[in-house]
Amino acid sequence: IIIHGIQKNFQKHKYNLRIKIIVIGYDTDFNFILPDTIGVELVKNVYNPQNPCEFHTIPLQQELHSMLASCIPFFGIPIFSNLDSSNNSIIIGHKFHNTQSDNKYNVDVYSYCVKKKCYEILPQFTFCTLYISNYPTSSSSYASLPFKFKFKLLKRNSPFIDLNTISCSINPKCVSLYLSKNNNYKPMFLNQKINQIKIKYLDCNCKNTCFVCKNKTLEISKNESNVECVLFNYS
18 IIIHGIQKNF QKHKYNLRIK IIVIGYDTDF NFILPDTIGV ELVKNVYNPQ
68 NPCEFHTIPL QQELHSMLAS CIPFFGIPIF SNLDSSNNSI IIGHKFHNTQ
118 SDNKYNVDVY SYCVKKKCYE ILPQFTFCTL YISNYPTSSS SYASLPFKFK
168 FKLLKRNSPF IDLNTISCSI NPKCVSLYLS KNNNYKPMFL NQKINQIKIK
218 YLDCNCKNTC FVCKNKTLEI SKNESNVECV LFNYS
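The opening residue of the sequence shown carries number 18 in this note's numbering; numbering runs sequentially from there.
In short, the hints are calculated from the structure, not lab data.
Heads up, some of the hints might be wrong.
Said to hold, decoys possible - Once the Cα atoms are required to be at most 25 Å apart in a straight line, the calculated BS3-like pairs of lysine-lysine come out as:
1) K132 / K121
2) K132 / K231
3) K61 / K134
4) K224 / K121
5) K121 / K134
6) K231 / K210
7) K61 / K198
Unchecked claim - Cβ pair distances, simulated, as ranges:
8) E58 / D220: 34 to 42 Å
9) N232 / N151: 38 to 46 Å
10) T226 / L34: 34 to 42 Å
11) N33 / T116: 22 to 30 Å
12) S102 / S157: 18 to 26 Å
If you're wondering where the values come from, they're calculated on a predicted model, not measured in any experiment.
For glycine and all other residues, C-beta sits at the position ideal for the given N, C-alpha and C.
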C-alpha cells in the first residue's frame with residue numbers, strides 16, 4: 018500500500034483501513050506473484066549522511082534511456098527509516114535523469130514539509146528502485162509520454178498528461194518522472210488523478226535561504242522535449 022498526499026492546509030486525518038488479504042514475506046524478487054519469464058530487480062540505496070541536506074543525488078548503474086527504448090518500466094519508492102513526530106509531515110519526492118556525462122544516470126531526491134510549507138533536511142530513508150523486465154508490454158500496461166502545457170493568466174505553467182486523450186488505454190498504477198537533461202530544475206511532484214497526471218511545483222516559505230530555492234530555479238517549458246512520464250499498469 019502506497020499513499021501519497023499533499024495538502025494546501027495541513028490537517029491530521031485518521032482512517033479505518035480494512036485489509037482482506039495481506040501477504041508478508043522476504044522474497045524481494047516478487048517471482049511468487051509473476052510468471053517465471055518476468056524479472057523484478059530491486060536496488061536499495063540507504064541515505065544516512067554525515068552532512069544532511071535538502072537535496073540529494075543518487076547515482077544509478079542502469080542505463081535508463083535504453084530501458085525506455087525497450088519498454089522496460091522503472092520506478093522508485095522512498096522508505097523512511099523511522100516514522101515519528103519529526104517526519105510525519107514530510108514527503109519525499111524524486112525524479113530520474115540523465116547526467117549527460119558518459120551516459121550515466123541519477124535519481125534526485127528531495128523532502129518537503131507540508132506543515133511548514135518549505136523544503137526540509139532529508140530524514141534517514143532507503144530509496145528503492147525497481148526495474149521490471151520481460152513484462153508483456155501492451156497499450157494497457159506500458160507507456161512513456163511527454164507532457165502537455167496549459168497556461169493560466171498570472172499563474173505558472175501546468176505540465177500535464179490527459180489520460181482520456183492518449184492513444185493507449187492505460188490506467189497506471191506506477192508512475193515515474195524521467196528527464197533526459199540534467200538542468201537545475203525545481204523539485205517536481207506528480208499529482209495523479211483518475212484521468213490526469215500533473216507536475217506540481219511547491220512553494221517554499223524559506224525566503225530564498227535554503228539550498229533548493231537558491232540553486233534549483235528552473236521549470237520545464239513548452240519548448241522542451243526532454244521530460245517524459247513512464248506509466249506502468251500490472252495485472
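Hints and how they fare:
no., hint, in the structure
1, K132 / K121, "violated, 36 Å"
2, K132 / K231, "holds, 21 Å"
3, K61 / K134, "violated, 29 Å"
4, K224 / K121, "violated, 34 Å"
5, K121 / K134, "violated, 33 Å"
6, K231 / K210, "violated, 31 Å"
7, K61 / K198, "holds, 24 Å"
8, E58 / D220: 34 to 42 Å, "holds, 37 Å"
9, N232 / N151: 38 to 46 Å, "holds, 40 Å"
10, T226 / L34: 34 to 42 Å, "holds, 39 Å"
11, N33 / T116: 22 to 30 Å, "violated, 45 Å"
12, S102 / S157: 18 to 26 Å, "violated, 42 Å"
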